[in-house]
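Novice: Chain by chain, the residues:
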Amino acid sequence: MGGSMLDRPSSQTVDHTMAVSRSLLARYALLAASLVVLGLFLLFADQTFNGYRLQLVTLIAINAIIAVSLALTSGFTGVFSLGQIGFYAIGAYVGALLTIPPQWKGDDFLPGLPGWLAGVDLTGWHPQIALFVACVAGGGVAAAVAAIVGAPLMRLSGHYVAVATMGFLIIVNSVLINWAEVTRGARGMNQIPGSTNIWVAFAWALVTLYVVLRIRFSAHGRAMIASRENVIAARAAGVAVLQTRLLAFVVGAFFTGVAGALLAHQLGTITPRAFYFTQTFNVIIMVVLGGMGSATGAVAGAIFITLAPDQLRGVEDGFTLGPISVGDNFGLSQIILAVVFVLVMIFRPNGLFGDRELALRWPRRGRRGTVEPPPPLARRNDSETGGRAGEPG
Amino acid sequence: MSSTEFVQQTVNALSLGSIYALVAVGLAMVFSILRLINFAHGEVLMLGAFATYFYVDAGVPFVLATVGAVATTVAVGMAMERIAYRPLRGAPDVALLLTSLGVSIAVQNGASLWFGATPRAFPTPDLISEARVIAGVRITGTNLMTIGIALAVMALLTYFVTRTSLGTQMRAAAENLQAAQLMGINTTTVIVTAFIVGSALAGIAGVLWGARVGRIEPLMGFIPVLKAFVATVIGGFGSIPGAVLGAFALGFGEIFLVALLPDDLTSYRDAFVFGALILVLLVRPQGILGSTEPEKI
Amino acid sequence: MTDANADATLSLQNVEVAYGAIAAVKGISIEVAPGELVALVGSNGAGKTTTLRTISGLLRPRAGRIRYGETDLIRLAPHRIVAHGICHAPEGRQIFGTLTVRENLMLGTVRRPDRRDAAAIGADLDQVFSYFPVLRERLGQTGGTLSGGEQQMLAIGRALMAKPRLLLLDEPSLGLAPVLVDRIFAVIAQLKAAGTTILLVEQNARKALQVADRAYVLETGRVVLTGPAAALAANPDVERAYLGGVS
Numbered sequence: 001m002g003g004s005m006l007d008r009p010s011s012q013t014v015d016h017t018m019a020v021s022r023s024l025l026a027r028y029a030l031l032a033a034s035l036v037v038l039g040l041f042l043l044f045a046d047q048t049f050n051g052y053r054l055q056l057v058t059l060i061a062i063n064a065i066i067a068v069s070l071a072l073t074s075g076f077t078g079v080f081s082l083g084q085i086g087f088y089a090i091g092a093y094v095g096a097l098l099t100i101p102p103q104w105k106g107d108d109f110l111p112g113l114p115g116w117l118a119g120v121d122l123t124g125w126h127p128q129i130a131l132f133v134a135c136v137a138g139g140g141v142a143a144a145v146a147a148i149v150g151a152p153l154m155r156l157s158g159h160y161v162a163v164a165t166m167g168f169l170i171i172v173n174s175v176l177i178n179w180a181e182v183t184r185g186a187r188g189m190n191q192i193p194g195s196t197n198i199w200v201a202f203a204w205a206l207v208t209l210y211v212v213l214r215i216r217f218s219a220h221g222r223a224m225i226a227s228r229e230n231v232i233a234a235r236a237a238g239v240a241v242l243q244t245r246l247l248a249f250v251v252g253a254f255f256t257g258v259a260g261a262l263l264a265h266q267l268g269t270i271t272p273r274a275f276y277f278t279q280t281f282n283v284i285i286m287v288v289l290g291g292m293g294s295a296t297g298a299v300a301g302a303i304f305i306t307l308a309p310d311q312l313r314g315v316e317d318g319f320t321l322g323p324i325s326v327g328d329n330f331g332l333s334q335i336i337l338a339v340v341f342v343l344v345m346i347f348r349p350n351g352l353f354g355d356r357e358l359a360l361r362w363p364r365r366g367r368r369g370t371v372e373p374p375p376p377l378a379r380r381n382d383s384e385t386g387g388r389a390g391e392p393g
Numbered sequence: 001m002s003s004t005e006f007v008q009q010t011v012n013a014l015s016l017g018s019i020y021a022l023v024a025v026g027l028a029m030v031f032s033i034l035r036l037i038n039f040a041h042g043e044v045l046m047l048g049a050f051a052t053y054f055y056v057d058a059g060v061p062f063v064l065a066t067v068g069a070v071a072t073t074v075a076v077g078m079a080m081e082r083i084a085y086r087p088l089r090g091a092p093d094v095a096l097l098l099t100s101l102g103v104s105i106a107v108q109n110g111a112s113l114w115f116g117a118t119p120r121a122f123p124t125p126d127l128i129s130e131a132r133v134i135a136g137v138r139i140t141g142t143n144l145m146t147i148g149i150a151l152a153v154m155a156l157l158t159y160f161v162t163r164t165s166l167g168t169q170m171r172a173a174a175e176n177l178q179a180a181q182l183m184g185i186n187t188t189t190v191i192v193t194a195f196i197v198g199s200a201l202a203g204i205a206g207v208l209w210g211a212r213v214g215r216i217e218p219l220m221g222f223i224p225v226l227k228a229f230v231a232t233v234i235g236g237f238g239s240i241p242g243a244v245l246g247a248f249a250l251g252f253g254e255i256f257l258v259a260l261l262p263d264d265l266t267s268y269r270d271a272f273v274f275g276a277l278i279l280v281l282l283v284r285p286q287g288i289l290g291s292t293e294p295e296k297i
Numbered sequence: 001m002t003d004a005n006a007d008a009t010l011s012l013q014n015v016e017v018a019y020g021a022i023a024a025v026k027g028i029s030i031e032v033a034p035g036e037l038v039a040l041v042g043s044n045g046a047g048k049t050t051t052l053r054t055i056s057g058l059l060r061p062r063a064g065r066i067r068y069g070e071t072d073l074i075r076l077a078p079h080r081i082v083a084h085g086i087c088h089a090p091e092g093r094q095i096f097g098t099l100t101v102r103e104n105l106m107l108g109t110v111r112r113p114d115r116r117d118a119a120a121i122g123a124d125l126d127q128v129f130s131y132f133p134v135l136r137e138r139l140g141q142t143g144g145t146l147s148g149g150e151q152q153m154l155a156i157g158r159a160l161m162a163k164p165r166l167l168l169l170d171e172p173s174l175g176l177a178p179v180l181v182d183r184i185f186a187v188i189a190q191l192k193a194a195g196t197t198i199l200l201v202e203q204n205a206r207k208a209l210q211v212a213d214r215a216y217v218l219e220t221g222r223v224v225l226t227g228p229a230a231a232l233a234a235n236p237d238v239e240r241a242y243l244g245g246v247s
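Protein sequence lines correspond, in order, to chains A, B and C. Under this note's numbering, the first residue of the first sequence carries the number 1, and numbering increases by one thereafter. Under this note's numbering, the first residue of the second sequence carries the number 1, and numbering increases by one thereafter. Under this note's numbering, the first residue of the third sequence carries the number 1, and numbering increases by one thereafter.
Do not rely on the hints blindly, as some may be mistaken.
Sample of chain A residues with no beta-carbon within 10 Å of chain B, all distances over it, derived [claimed, not checked]:
{"hint": "1", "residue": "Ser-23"}
{"hint": "2", "residue": "Gly-39"}
{"hint": "3", "residue": "Phe-80"}
{"hint": "4", "residue": "Asp-108"}
{"hint": "5", "residue": "Gly-167"}
{"hint": "6", "residue": "Gln-191"}
{"hint": "7", "residue": "Phe-277"}
Not the full set, but computed from the structure, chain A residues with beta-carbon under 7 Å of chain B [to be verified]:
{"hint": "8", "residue": "Leu-31"}
{"hint": "9", "residue": "Ala-33"}
{"hint": "10", "residue": "Ile-148"}
{"hint": "11", "residue": "Gly-158"}
{"hint": "12", "residue": "His-159"}
{"hint": "13", "residue": "Tyr-160"}
{"hint": "14", "residue": "Ala-162"}
{"hint": "15", "residue": "Ala-164"}
{"hint": "16", "residue": "Ser-174"}
{"hint": "17", "residue": "Ala-186"}
{"hint": "18", "residue": "Gly-188"}
{"hint": "19", "residue": "Ile-335"}
{"hint": "20", "residue": "Val-339"}
{"hint": "21", "residue": "Phe-341"}
{"hint": "22", "residue": "Met-345"}
Derived Cβ-Cβ restraints for the label pairs, each shown as a range [to be verified]:
{"hint": "23", "chain 1": "A", "residue 1": "Ala-233", "chain 2": "B", "residue 2": "Leu-282", "range": "36 to 46 Å"}
{"hint": "24", "chain 1": "B", "residue 1": "Arg-132", "chain 2": "A", "residue 2": "Trp-116", "range": "53 to 63 Å"}
{"hint": "25", "chain 1": "C", "residue 1": "Ala-177", "chain 2": "B", "residue 2": "Leu-282", "range": "38 to 48 Å"}
{"hint": "26", "chain 1": "A", "residue 1": "Leu-343", "chain 2": "B", "residue 2": "Ala-71", "range": "24 to 34 Å"}
{"hint": "27", "chain 1": "C", "residue 1": "Ala-119", "chain 2": "B", "residue 2": "Ala-131", "range": "39 to 49 Å"}
{"hint": "28", "chain 1": "C", "residue 1": "Asp-126", "chain 2": "A", "residue 2": "Ile-232", "range": "43 to 53 Å"}
{"hint": "29", "chain 1": "A", "residue 1": "Arg-53", "chain 2": "B", "residue 2": "Ala-117", "range": "20 to 30 Å"}
{"hint": "30", "chain 1": "C", "residue 1": "Leu-139", "chain 2": "B", "residue 2": "Ala-135", "range": "39 to 49 Å"}
{"hint": "31", "chain 1": "A", "residue 1": "Ile-232", "chain 2": "C", "residue 2": "Ser-43", "range": "21 to 31 Å"}
{"hint": "32", "chain 1": "C", "residue 1": "Thr-71", "chain 2": "B", "residue 2": "Thr-158", "range": "35 to 45 Å"}
{"hint": "33", "chain 1": "B", "residue 1": "Leu-282", "chain 2": "C", "residue 2": "Asp-117", "range": "30 to 40 Å"}
{"hint": "34", "chain 1": "C", "residue 1": "Ala-177", "chain 2": "A", "residue 2": "Ile-232", "range": "22 to 32 Å"}
Quick caveat, the hints were computed from the structure, so don't treat them as lab data. Predicted model, so just to flag it, every value in this text is computed and none were measured. Glycine residues also receive a C-beta, built at the ideal position from the N, C-alpha and C atoms.
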């Protein structure tokens, strides 16, 4: 899948080097241009969009963060985590607990909250700084939990780890609902300052995308992809498989936690229900649609999934569940999405991009003759049989 | 805990375990052959309960309605296999798992749309549900019915699996699908049979669950199937006797955990159950009776 | 065990099989006429097992034709291929460890048109026991409790219960002590004498060439040599590559 330019054979013709420099320049130019376009779009949106549409745009960024994180955690490594939304929840609740004004988190409301936490008063701070603190704290706690939970889980594989991480999600959800002294249970928390705007959301999204792509095209990233298909071979080649997976898991959890904090400060109110299987499924669709091994594909998937229910809402009669569909969305749109998902799995399991990243590809020359591992959801062979076809011999 | 209470809780645990066992066996059967964790199994359970409700509503006597409900769930299961899973033969495990999640969500939402989210009362006839006093202990008729039906079904199933050609073919396919194919076993037939049997069991479980809880609503299948799934993991991934064992272990664990835990922790019951799941996966992923050593690194 | 109508020839023409991007079989052509015992020899990874699995339908070729008599095998599902009389005893035996010996043997009969004919089945069982008496003793035991050699006998016995017109044997000697190898090959010779058509894949080229009529030598997915078994056994290249030091 490319890899750094430094890996190429040293016998280069001048022409080749110049061609590469030219294409490098072209790529940087393209990148700069895209950022400018994005900036202009955000400016335009800020000036002209109404509150509802601005929220939708923000949600695109937030969903992009989670989707890209899942691509890192699961798509690159092949370790399927169904627990991602647990970290989303952790980030949201931790961030909220920090920024909610003290009068709303004292003994009357959250009696279980330790005194020092109830006393944290960020209301005097600049809202964006408070938000930044909330995001980092949310992400940090999520990452810490991921490190603890992930260490033993990363040695499992396939549906074992999927099921184990699903158990994690259920435990988080159960704690959120039941530990009402700290979380206000099923009623959820409110009075969260609404400091998220499209600028900060997209800033975090770009940071996430950058970090994930850097990892993807680093030695770590190559190690992940290698161990995805063949753990034993990767080990034999000196890849520290467990550490690599754990790294992906923790980094993914961090950014997902950040997204959670952003969400909390977007909606002003969060409930445990928003952080359960429906949302899990939404994120999965985003990543699968875009191609499990592709971070930019995940972004495309996030855009589509955020906008689609909104468009589909026109199909339903009078279903106005508030401006944003987060969490439960009983309705035709969810069914249609699920059906689309199943169809994608049947006909095009590698999504739009499969393993490839959009536009940021390193030049593909120089690596002939290597057999690339198949993308994560590829069929093993095309016979009618269930199960593995086995090795050549 | 007094001895009367102990007996009651035991009966309760047996009853809960029975329902989990019915669902878990269906899951294990499909998993053993296809390596598919069928999340949508919970929706089949839910449809069994709802079908019974609607047939009774239409005037059909309860027992006949349950038979009809089972027929309905079998049809649903066969449709699921044909439409969603058969095209995915040969796909990696995770793809199958995700697809079953997708089917599950689609059906859940479809049911919510169609039936409405408000819970309805399950029409268990009083004749069945009223309590009886046996050896001085008060036991609900529902529990007795549940245990009785589950035992009968298990016996039938055991006969089917061990003594019929099709049952033996299923066991062979579960052990080694390719070798089974080489023997001329029609794997499609075997897979469809697994879905038929599993869906029938889930349908029965739906009726029993509805009777047990008293209410039915479109999302009711989700937690039972997750719990049944935990049971299959504890008992041994893909092993049918393991599924039964795990189911009863889980049933007893749940009931007595709730009975023994301090009051403020009882609502964490589900967290404990899934905590146990993770523990099992870490310590002995193949479960109590499972034989296939999972890929652990 | 022979079927009076067993006059179909198995014919592979320019068959190519690939695992993803890796080509395992690159255009081989093979024929097995009724009553023949044809051997496929070659070292590990030569494509021998892949060839058998393509014939029995577990794999689909990327190119080429496979016909059995008038029937095109390529599009058929494995169980339909068994119904046409082709039975594959796979590499590594792969008997069902959790099923009893009896159940394993009876599973071989599922595609037979006369599977409900207790007398015919009983006669065939007796036939199998005459080849492998130890199986009769172990009827009630589960397959997993059998030794390697017994499992190989069970695998062949199971295949024989399908009353095959063409028997595909994959590495029957693998992992067996020399005494058992001799016993297995004695049975193979008996089967041939009784008229069963056999396609035999073997790493043990010496034994294979002793019992075969004709043979093909495969290397990295291609046929490099073919001819009567005796001629190949005498061929100095073959002797150097495959017969030197092989027991």
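Novice: All the hints need checking, so say for each whether the structure fits it.
Specialist: Checked hints:
1. Ser-23: 35 Å, holds
2. Gly-39: It holds; A:Gly-39 is separated from chain B by about 36 Å at its closest Cβ, greater than 10 Å.
3. Phe-80: 5 Å, violated
4. Asp-108: 20 Å, holds
5. Gly-167: With a cut-off of 10 Å, A:Gly-167 comes too close to chain B, as the shortest Cβ separation is near 4 Å.
6. Gln-191: 25 Å, holds
7. Phe-277: 7 Å, violated
8. Leu-31: Check failed: Cβ of A:Leu-31 comes no nearer than 33 Å to chain B, outside 7 Å.
9. Ala-33: Violated. Min distance 36 Å.
10. Ile-148: Since the shortest Cβ distance to chain B is 12 Å, the answer is violated.
11. Gly-158: Holds. Min distance 5 Å.
12. His-159: With a minimum Cβ separation of about 5 Å from chain B (threshold 7 Å), the hint on A:His-159 holds.
13. Tyr-160: 6 Å, holds
14. Ala-162: A:Ala-162 check passes; min Cβ-Cβ to chain B is 6 Å, inside 7 Å.
15. Ala-164: 5 Å, holds
16. Ser-174: 4 Å, holds
17. Ala-186: Violated: closest Cβ of chain B sits about 11 Å from A:Ala-186, beyond 7 Å.
18. Gly-188: 17 Å, violated
19. Ile-335: Constraint on A:Ile-335 satisfied, holds at 5 Å.
20. Val-339: 6 Å, holds
21. Phe-341: 4 Å, holds
22. Met-345: 5 Å, holds
23. A:Ala-233 / B:Leu-282: 36 to 46 Å: 25 Å, violated
24. B:Arg-132 / A:Trp-116: 53 to 63 Å: 57 Å, holds
25. C:Ala-177 / B:Leu-282: 38 to 48 Å: 41 Å, holds
26. A:Leu-343 / B:Ala-71: 24 to 34 Å: 28 Å, holds
27. C:Ala-119 / B:Ala-131: 39 to 49 Å: For C:Ala-119 and B:Ala-131 the Cβ distance comes to about 58 Å; the hint is violated.
28. C:Asp-126 / A:Ile-232: 43 to 53 Å: 46 Å, holds
29. A:Arg-53 / B:Ala-117: 20 to 30 Å: With Cβ atoms ~29 Å apart, the hint holds.
30. C:Leu-139 / B:Ala-135: 39 to 49 Å: Given a distance of about 46 Å, which is inside 39 to 49 Å, the answer is holds.
31. A:Ile-232 / C:Ser-43: 21 to 31 Å: Since A:Ile-232 and C:Ser-43 have Cβ atoms about 23 Å apart, the given range 21 to 31 Å holds.
32. C:Thr-71 / B:Thr-158: 35 to 45 Å: 40 Å, holds
33. B:Leu-282 / C:Asp-117: 30 to 40 Å: 53 Å, violated
34. C:Ala-177 / A:Ile-232: 22 to 32 Å: Given about 30 Å between the Cβ atoms, the range holds.
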